[in-house]
Amino acid sequence: MAIRERLSGNEAVAYAIKQVNPDVMPAFPITPSTEIPQYVANYIANGEIDTEFIHVESEHSAMSATVGASAAGARAVTATSSCGMALMWEELYVAASNRLPIVLALVNRALSGPININADHSDSMGARDSGWIQIYAESNQEVYDNYIQAFPIAEDTRVHLPVMVCQDGFITSHGVENILLVEDDKVKNFVGEYEPEHYLLNATEKMALGPYAVSNYYMETKRAQRQAMINAREVILEVADKFEKMTGRRYSFFEQYQMEDADYAVVIIGSAAGTCKAAIDEIRNTTGKKAGLIKIRVFRPFPEVEIAKALSKVKAVAVMDRSEMFSATSGPLGAEVRAAMYQEHGTADVVNYFYGLGGRDITVSDFEAVYEKLETLARTHVVTDMYEYIGLRSARPEEV
Amino acid sequence: MEKTTYNFKEVMSKPERLAPGHRMCAGCGGTITVRTVLRALEEGDKAVIGNATGCLEVSSFMYPYTAYEDSYIHNAFENAGATLSGVETAYHVLKKKGKIKDNFKFITFGGDGGTYDIGFQSLSGAMERGHDMVYVCYDNGAYMNTGTQRSSATPQYADTTTTPAGKVSAGKVQIRKDLAAIMAEHHIPYVGQSTFTSNFKDLYTKAQKAIYTPGAAFLNVMSPCPRGWGYEPSEVMNICKLAVDTCYWPMFEVIEGRWILNYEPKNKLPIEEFLRPQRRFKHLFKKENEELIGKFQEEIDKQWEELKNKCN
Numbered sequence: 001m002a003i004r005e006r007l008s009g010n011e012a013v014a015y016a017i018k019q020v021n022p023d024v025m026p027a028f029p030i031t032p033s034t035e036i037p038q039y040v041a042n043y044i045a046n047g048e049i050d051t052e053f054i055h056v057e058s059e060h061s062a063m064s065a066t067v068g069a070s071a072a073g074a075r076a077v078t079a080t081s082s083c084g085m086a087l088m089w090e091e092l093y094v095a096a097s098n099r100l101p102i103v104l105a106l107v108n109r110a111l112s113g114p115i116n117i118n119a120d121h122s123d124s125m126g127a128r129d130s131g132w133i134q135i136y137a138e139s140n141q142e143v144y145d146n147y148i149q150a151f152p153i154a155e156d157t158r159v160h161l162p163v164m165v166c167q168d169g170f171i172t173s174h175g176v177e178n179i180l181l182v183e184d185d186k187v188k189n190f191v192g193e194y195e196p197e198h199y200l201l202n203a204t205e206k207m208a209l210g211p212y213a214v215s216n217y218y219m220e221t222k223r224a225q226r227q228a229m230i231n232a233r234e235v236i237l238e239v240a241d242k243f244e245k246m247t248g249r250r251y252s253f254f255e256q257y258q259m260e261d262a263d264y265a266v267v268i269i270g271s272a273a274g275t276c277k278a279a280i281d282e283i284r285n286t287t288g289k290k291a292g293l294i295k296i297r298v299f300r301p302f303p304e305v306e307i308a309k310a311l312s313k314v315k316a317v318a319v320m321d322r323s324e325m326f327s328a329t330s331g332p333l334g335a336e337v338r339a340a341m342y343q344e345h346g347t348a349d350v351v352n353y354f355y356g357l358g359g360r361d362i363t364v365s366d367f368e369a370v371y372e373k374l375e376t377l378a379r380t381h382v383v384t385d386m387y388e389y390i391g392l393r394s395a396r397p398e399e400v
Numbered sequence: 001m002e003k004t005t006y007n008f009k010e011v012m013s014k015p016e017r018l019a020p021g022h023r024m025c026a027g028c029g030g031t032i033t034v035r036t037v038l039r040a041l042e043e044g045d046k047a048v049i050g051n052a053t054g055c056l057e058v059s060s061f062m063y064p065y066t067a068y069e070d071s072y073i074h075n076a077f078e079n080a081g082a083t084l085s086g087v088e089t090a091y092h093v094l095k096k097k098g099k100i101k102d103n104f105k106f107i108t109f110g111g112d113g114g115t116y117d118i119g120f121q122s123l124s125g126a127m128e129r130g131h132d133m134v135y136v137c138y139d140n141g142a143y144m145n146t147g148t149q150r151s152s153a154t155p156q157y158a159d160t161t162t163t164p165a166g167k168v169s170a171g172k173v174q175i176r177k178d179l180a181a182i183m184a185e186h187h188i189p190y191v192g193q194s195t196f197t198s199n200f201k202d203l204y205t206k207a208q209k210a211i212y213t214p215g216a217a218f219l220n221v222m223s224p225c226p227r228g229w230g231y232e233p234s235e236v237m238n239i240c241k242l243a244v245d246t247c248y249w250p251m252f253e254v255i256e257g258r259w260i261l262n263y264e265p266k267n268k269l270p271i272e273e274f275l276r277p278q279r280r281f282k283h284l285f286k287k288e289n290e291e292l293i294g295k296f297q298e299e300i301d302k303q304w305e306e307l308k309n310k311c312n
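Listed in order, the protein sequences are those of chains C and P.
Take 1 as the starting number for the first sequence in the working numbering and just add one per residue.
Take 1 as the starting number for the second sequence in the working numbering and just add one per residue.
These are calculated hints, taken from the structure and not from any lab test.
Be aware that one or more of the hints could be misleading.
Claimed, not checked - Here are the computed distance ranges between Cβ atoms for each label pair:
| id | chain 1 | residue 1 | chain 2 | residue 2 | range |
| --- | --- | --- | --- | --- | --- |
| 1 | C | 234 | P | 95 | 31 to 41 angstroms |
| 2 | P | 285 | C | 327 | 54 to 64 angstroms |
| 3 | C | 327 | P | 147 | 28 to 38 angstroms |
| 4 | C | 400 | P | 64 | 52 to 62 angstroms |
| 5 | P | 21 | C | 224 | 18 to 28 angstroms |
| 6 | C | 158 | P | 63 | 14 to 24 angstroms |
| 7 | P | 269 | C | 197 | 51 to 61 angstroms |
| 8 | P | 147 | C | 223 | 26 to 36 angstroms |
| 9 | C | 197 | P | 285 | 52 to 62 angstroms |
| 10 | C | 50 | P | 279 | 51 to 61 angstroms |
| 11 | P | 95 | C | 177 | 35 to 45 angstroms |
As the list claims (entries may be wrong) - Mimicking DSBU-like on lysine-lysine, the simulated pairs with C-alpha atoms at most 35 angstroms apart in a straight line are:
| id | chain 1 | residue 1 | chain 2 | residue 2 |
| --- | --- | --- | --- | --- |
| 12 | P | 97 | C | 245 |
| 13 | P | 96 | C | 245 |
| 14 | C | 206 | P | 46 |
| 15 | C | 206 | P | 209 |
| 16 | P | 97 | C | 18 |
| 17 | P | 101 | C | 186 |
| 18 | C | 222 | P | 99 |
| 19 | C | 18 | P | 95 |
| 20 | C | 206 | P | 101 |
| 21 | C | 18 | P | 46 |
| 22 | P | 101 | C | 188 |
| 23 | C | 242 | P | 97 |
| 24 | P | 295 | P | 266 |
| 25 | P | 97 | C | 186 |
| 26 | P | 9 | P | 308 |
| 27 | P | 96 | C | 186 |
| 28 | C | 206 | P | 95 |
| 29 | C | 206 | P | 201 |
| 30 | P | 266 | P | 286 |
As the list claims (entries may be wrong) - Here chain C is said to cover these stretches of chain P; the calculated rule only asks that three of the stretch's residues, wherever they fall, bring their Cβ under 8 angstroms from a Cβ of chain C:
| id | segment |
| --- | --- |
| 31 | 67-75 |
| 32 | 89-96 |
| 33 | 99-107 |
| 34 | 111-124 |
We treat Cβ as the ideally placed atom computed from N, Cα and C, and that holds for glycine.
Given the sequences, and given the hints that come with them, work out the whole structure.
Shown next, in the form of C-alpha cells:
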C-alpha cells in the first residue's frame, strides 16, 4: 500500500533521495532548494542512509564534485536553484558531454537581477541547451514521481544523460500537499543498483575522462549527445509505463487536460497549470466554451511532433512562458511550440504571453481572460497583444 | 611511509606513469613534476589522477590518446580540487559498500593559474574538507597555456604578455602570492614546497609524504617554463638550482603545523643570479631599472627571514 503523507515539494524530493539512497551528494545552500540538502544531512546524521554528503564551498564545486563522483562510479545527485545553477553553468555542459547520469533537483527560481527568490523558470530555461534532460512538475506528487523516474532514465545505456527534475520555487517546494509515497522496497527495486559500464575506480579497466578534443572529434561528440537525447524519448515513456504499473499514476511528455474537444488551448509548464485547470473547469461549467490545457512535463528532449499533434485541432493557442529570453520576440516555450506547429503545418492562431516572472501571481481570472482573448483571436485571426506580460503594473517604467 | 634511504637509480628505474608521446614542450618543468610525483606512488597502488585545464591537460590527453597509465579525469580550469574531492568521496562510499576492493590514491595537478587564481576557492574547499588527496601545483609562474599572461604566482617585475615591460612599465607590479603558506594555514596534515634538485630527492620524498599521509596534502612545485621564462630548455636544472640558492624558491614543508626548512644554501647567492638567465627579467638589467633588483632582493631577504623564523 502506498503511504499517505503531507509533504512539501522539498520534503518529497528529500524523501525520494532517502529511498534511492544515492552514493554521493555534494550540495550548497540556496533558497528555495536549501531544505533538500538539509533533510538529507539529517537522514545521514541519523544513520538512515549511506549517502556521503560533500559540504562544497559553492555550487560550481557542487556540480564539479558531482561530476567527479559520478565519473568515479557513484550514483551522484545534487540540488540547487537559480543563481546556484547559474554558477554551475559550465559544469552542466561538462556533465552532459561526459554522459554522466547525474540527477539534479532544481527548485526553479528567478535569476538575478534584481535579486529575487521566487518562482520563475529563467534558471532551467537558460540551461535548456546544456544537454540535460528536463522534467517539470505541477505538484509535489509529480516532483516526487519524476525524481524516482529520473534515475532509470538517466542511467539507461541508450541515454546516459543527466536529468534535471524541476519544481517551482516556494509554490511547490514549500507548499505542503497530500502525497502518496511509494514503499521503500518498491522504490529501491524501481531504481535498481547502479552499475556503470565504465568508471574511474574500476580496477580492471582504467578510464580517462575529459579529453582535449578539437575539430576532428568535437562534432561527433555532439551528435552522440543528440542521439542520446533522441533515445531518451522512448526511454522516458518506457520508464513512465513501468512507473504506472507500480503506482497507477500515468506520465508522458505532457499532460492533456480537457484537450479531446478543445477549441482554445493554453500550453504551460509547472505549478501554474493547476490554476489554469481551475479556470478551465470554471469556463466549461459556466459557459460551455471548450478550453483545454497542455502542461509540458518533458521539455528536453522536446516532444515536437506530439505537441503539434495535440494542438492540431484547436482554433487558438496561448503559449505561456515563465521566463524571458530577451529575443525581443518570444519566450523559450513560445518559440519551440510555434516552431513545432509550423513544422507540422498547424493551423491554429498562436499567441505567446509571459507570466509569473519573479514569482508574480497568476490567478484563475487571469487565465479566464487568456481564454477570452483566444476566443477573439480565433474569430478575428488578428493578434493584438503578442508577447504581452500578464499582470504587469505597466510597460512604462515611469508609471511603475 | 617515508623511506629512510633514497636510491636515485632505483627511483628512476620505476615504471613511468606518464607515458612518452605527450606533447609538452622540450624542457617543460610541469612534465618533470608530474613524472616525479607519480614515481612516488608505490608500485601496485592504483591512482586516479586529476588535472585542471592547462598546458598539461591539453598536451597529455588529446582525444583519443592519453599519456596516463592510471585512471584520469580532467573537468575544467577552476575545479580540480572539487572534482577530485568528488572522486575521493565516491571511493570511500563505494569501498564502504563493498563495491570496490582495491586501494586507490588521488593526486591532482594544476598550474598556478588553475591553483593560485581561478581554482583557489575550489582548492581551499577541498583542503578544508580534508579529503584524502594530494593537490600538486606545477607552478610555472604565469598562464603559460594561453601564452604567458600574469597570474598571482608571477614574480614581481616579470615581463608577461599582460604585464609587459614597456617605456613606463617594469613588468608585474605586485609580489607573488605565498600559496604554500596559505595552504599551511588550512591546518592540513602536509604541505610541501619543492622544485628539482640534482637527484630529485626533495620532490620525490615530499610527494611520498603527501601521497601517503592520510588526509589532504598540498605540494607547490616550481616548474620552470622555457617559453614563458625565456631560457634554454637544457638549462632547466640550473634555473632550479639558482632559484633555491638565491632563496627565491625556498624548499620547506609543514607537517602537522610544524614548519621545516629543507634546504639552506651555504652561500646565499644574490637574486641577479636567478634573474639574469631569464628573458622575462631582461629589462631589470637596464641601467634605469637597477634599483628594482635591489627591491627584489629586499623582498626575498624579508621573506626568507620570515620563513626561517617560522621554521625555528
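Hints and how they fare:
A hinted range of 31 to 41 angstroms for the beta carbons of residue 234 of chain C and residue 95 of chain P is consistent with their spacing of about 36 angstroms. Between residue 285 of chain P and residue 327 of chain C the Cβ separation comes to about 57 angstroms, which falls inside the hinted range of 54 to 64 angstroms. Roughly 36 angstroms separates the CB atoms of residue 327 of chain C and residue 147 of chain P, a value that falls within the hinted 28 to 38 angstroms. Hint check: residue 400 of chain C to residue 64 of chain P, Cβ distance near 57 angstroms, so the stated range 52 to 62 angstroms holds.
A hinted range of 18 to 28 angstroms for the beta carbons of residue 21 of chain P and residue 224 of chain C is consistent with their spacing of about 26 angstroms. The hinted window of 14 to 24 angstroms between residue 158 of chain C and residue 63 of chain P holds, with their beta carbons roughly 23 angstroms apart. A hinted range of 51 to 61 angstroms for the beta carbons of residue 269 of chain P and residue 197 of chain C is consistent with their spacing of about 57 angstroms. Separation of residue 147 of chain P from residue 223 of chain C is about 32 angstroms and conforms to the stated range, judged on CB atoms against 26 to 36 angstroms.
In this structure, residue 197 of chain C and residue 285 of chain P meet the distance hint of 52 to 62 angstroms, their C-beta atoms being roughly 59 angstroms apart. Checked against the hint of 51 to 61 angstroms, the C-beta distance between residue 50 of chain C and residue 279 of chain P comes to roughly 56 angstroms, which is consistent with it. In this structure the supplied range 35 to 45 angstroms holds for residue 95 of chain P paired with residue 177 of chain C, their Cβ-Cβ distance being about 40 angstroms. For the suggested pair residue 97 of chain P and residue 245 of chain C, the alpha carbons sit about 30 angstroms apart, so the restraint of at most 35 angstroms is met.
The suggested pairing of residue 96 of chain P with residue 245 of chain C holds, with an alpha-carbon distance near 34 angstroms, which does not exceed 35 angstroms. Restraint check: the Cα-Cα separation between residue 206 of chain C and residue 46 of chain P comes to about 10 angstroms, which is no more than 35 angstroms; the hinted pair holds. A C-alpha spacing of about 25 angstroms is found between residue 206 of chain C and residue 209 of chain P, which places the hinted pair at or below 35 angstroms, so the restraint holds. Between residue 97 of chain P and residue 18 of chain C the CA atoms are separated by roughly 16 angstroms; this keeps the pair inside 35 angstroms, and the hint holds.
The suggested pairing of residue 101 of chain P with residue 186 of chain C holds, with an alpha-carbon distance near 29 angstroms, which does not exceed 35 angstroms. A C-alpha spacing of about 32 angstroms is found between residue 222 of chain C and residue 99 of chain P, which places the hinted pair at or below 35 angstroms, so the restraint holds. Of the supplied pair hints, the one linking residue 18 of chain C and residue 95 of chain P holds, its CA atoms being roughly 20 angstroms apart against a limit of 35 angstroms. Only pairs whose Cα atoms come within 35 angstroms are accepted, and residue 206 of chain C paired with residue 101 of chain P is accepted, the gap being roughly 15 angstroms.
The suggested pairing of residue 18 of chain C with residue 46 of chain P holds, with an alpha-carbon distance near 32 angstroms, which does not exceed 35 angstroms. Between residue 101 of chain P and residue 188 of chain C the CA atoms are separated by roughly 24 angstroms; this keeps the pair inside 35 angstroms, and the hint holds. Between residue 242 of chain C and residue 97 of chain P, the direct Cα distance comes to roughly 28 angstroms. Compliance with the 35 angstroms bound is thereby established for this hinted pair. A hinted pair counts as satisfied when its Cα atoms are at most 35 angstroms apart, and residue 295 of chain P with residue 266 of chain P qualifies at roughly 23 angstroms.
As the CA atoms of residue 97 of chain P and residue 186 of chain C are separated by approximately 21 angstroms, the hinted pair is consistent with the 35 angstroms bound. As the CA atoms of residue 9 of chain P and residue 308 of chain P are separated by approximately 32 angstroms, the hinted pair is consistent with the 35 angstroms bound. This hinted pair checks out: residue 96 of chain P and residue 186 of chain C have alpha carbons roughly 24 angstroms apart, not beyond 35 angstroms. Between residue 206 of chain C and residue 95 of chain P, the direct Cα distance comes to roughly 17 angstroms. Compliance with the 35 angstroms bound is thereby established for this hinted pair.
With a C-alpha separation of about 29 angstroms, the suggested pair residue 206 of chain C and residue 201 of chain P falls inside the 35 angstroms cut-off, and the hint holds. Taken as a hint, the residue 266 of chain P and residue 286 of chain P pair is honoured in the structure, with Cα atoms around 30 angstroms apart against an allowance of 35 angstroms. Chain C is given as covering the segment 67-75 of chain P, and this holds because 8 residues of the stretch bring a CB closer than 8 angstroms to a CB of that chain, at least three being needed. As drawn, the segment 89-96 of chain P meets chain C at 7 residues by the rule of a beta-carbon pair under 8 angstroms; at three or more, the given contact holds.
Here the segment 99-107 of chain P counts 5 residues with a CB under 8 angstroms from a CB of chain C, which clears the bar of 3, and the coverage holds. Three residues within the 8 angstroms Cβ limit are the bar, and the segment 111-124 of chain P against chain C gives 3, so the coverage statement holds.
Of the numbered hints listed earlier, not one is contradicted by the structure.
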